[in-house]
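Let the sequences and hints guide you as you build the complete structure.
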Amino acid sequence: MSLTDQELKDLKADRTVDAIGEVCPHTLNMALDELKKAEPGEIVVEVTDHSIATKTIPAAVKMNKQADFLGTLKESGNYSIFLKKR
Amino acid sequence: MFTIEAFLLAAAFGLIYGFLLQKADFCFVASVRDFVSVKDSRIGKGVLVLMATALIGWGLALSTGLASLDQVWSVPIGATNLIGGILFGIGMTIAGSCASGALYRSGMGYIHFWIVIAAMIAGNLLFAYIYDPWGREGFVEPLTFTEDGFSLYSLGLPFMALPLLIVAVMVLISIKQFGVKGFLQGVKNSLTNWEENPFKQQHWDVRFVAFLIGVTATIQFITLSSISVTGPETRIGGVIVSSIFGENVVFNNVYLNNMFASYPTVGIGPEETLVLFMIVGAFISSLLSKSFKIRLPKAKRLPSAIGGGLLMGVASRIAPGCNVANVVAGVGGLSVASFIVLIGMAIGVFFVTKYVFKMPILLFYRDKDVA
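If you read the protein sequences in the order shown, they are chains A and B. Quick note: the first sequence uses the UniProt record's numbering, first residue 1, plus one each step. Quick note: the second sequence uses the UniProt record's numbering, first residue 1, plus one each step.
In case anyone wonders, no lab produced these hints; they're calculated from the structure.
Partial list, computed: chain B residues near chain A (C-beta under 8 Å):
1. Asp25
2. Cys27
3. Lys290
4. Lys293
5. Leu362
Owing to the predicted nature of the structure, the values given are computational and were not obtained by experimental measurement. The beta-carbon is built from N, C-alpha and C at its ideal position, and this holds for glycine as well.
Written as structure tokens, this is what we have:
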């Protein structure tokens with residue numbers, strides 16, 4: 001499931017993780033920690049400027065099935081990675 | 001070696017490496033960690049392309065006579081390779097980057113990695129003062145089994161034989177994995193991943209970048225030296241201490257003295273210039289793609305920057321060599337020691353990923369496992 005940029009912009013994040021300036025593995029661990037706290041159906045967004053996180057976070061949730069990856073929004077050097085807790 | 005041309009050439013190589021590493025966010029830690037943790041093989045494939053390019057490059061350079069066998073970098077074989085590799089793998093995973101990663105991320109404005117580099121240099125110097133007086137006889141020499149390095153090129157086979165054989169096996173394995181069509185599609189994707197002005201594009205395909213780095217390293221091998229990062233960083237450390245405490249500090253230490261043995265003075269040579277210009281290359285690359293930003297580290301990350309960096313600095317002297325020297329010059333030069341170091345590094349990365357960061361290890365995960 002991957003939404004368009006406009007659809008992602010229209011989504012309201014229930015939880016936002018500020019991972020600006022962080023690198024791996026913290027970018028992934030912070031997202032997974034927040035997902036653990038989230039209720040099913042909640043939208044968790046991680047904001048990061050670390051490009052590798054845009055690959056590892058979707059790959060991780062695809063396998064651990066804790067969330068659906070909705071898409072990544074790229075704005076002025078930052079990435080917002082949208083996840084929906086299952 | 002110490003001509004103006006050599007310095008200019010070194011600066012150019014450094015700029016190219018820094019630029020390319022930043023463009024692909026080429027993180028060697030991620031190549032292993034993300035594979036075992038989330039089964040993401042993207043950067044791992046980049047490392048394999050880099051090794052394959054270096055192998056063919058070194059083989060060609062030797063077969064054509066552009067480079068000779070005594071230019072090949074190889075170090076003595078021993079348990080030191082494995083121990084140094086494991087410790088380096090642990091250090092780089094804790095610090096968050098390898099030796100080259102710290103350089104390009106420093107150029108992107110991550111203060112965290114300036115601290116990692118400073119800690120690495122401190123670790124290099126720490127090792128030098130452990131080595132002399134007691135480390136050399138205490139553990140380095142007893143754990144080193146051969147007097148000299150050994151490169152498989154000196155077996156007497158035609159120089160292209162082993163590189164072609166190894167690369168053919170790599171290609172066959174990837175064809176078995178992805179099919180001929182998938183393999184060719186991968187090659188095509190790696191070459192056609194362009195959106196707009198490439199220099200402004202934030203991200204280049206890591207396999208394409210790996211190929212370019214391999215080609216650049218081959219040209220460097222022919223014209224200047226084998227690529228390395230932590231050896232030059234140790235010398236930069238030597239230059240810093242000698243400028244504060246005088247040159248005798250360097251000359252009175254066996255290890256540091258050896259590092260400058262072929263140097264006319266305790267100073268910055270071409271290889272050190274290359275390392276410094278890698279930071280500049282990454283800075284230019286990140287400016288062009290608007291990825292440059294001064295990023296201050298959080299206080300709670302400082303212990304891992306300092307601790308991981310120190311460990312990398314010490315380990316890179318035990319192994320010896322960092323990820324770059326061993327992956328490119330070591331594998332390209334078919335140096336037996338480097339293969340052992342790389343196995344060690346992978347073990348170190350795995351250990352920290354699983355037991356320190358307690359990340360999920362999904363490498364052996366199959367879809368049916370959760371059904």
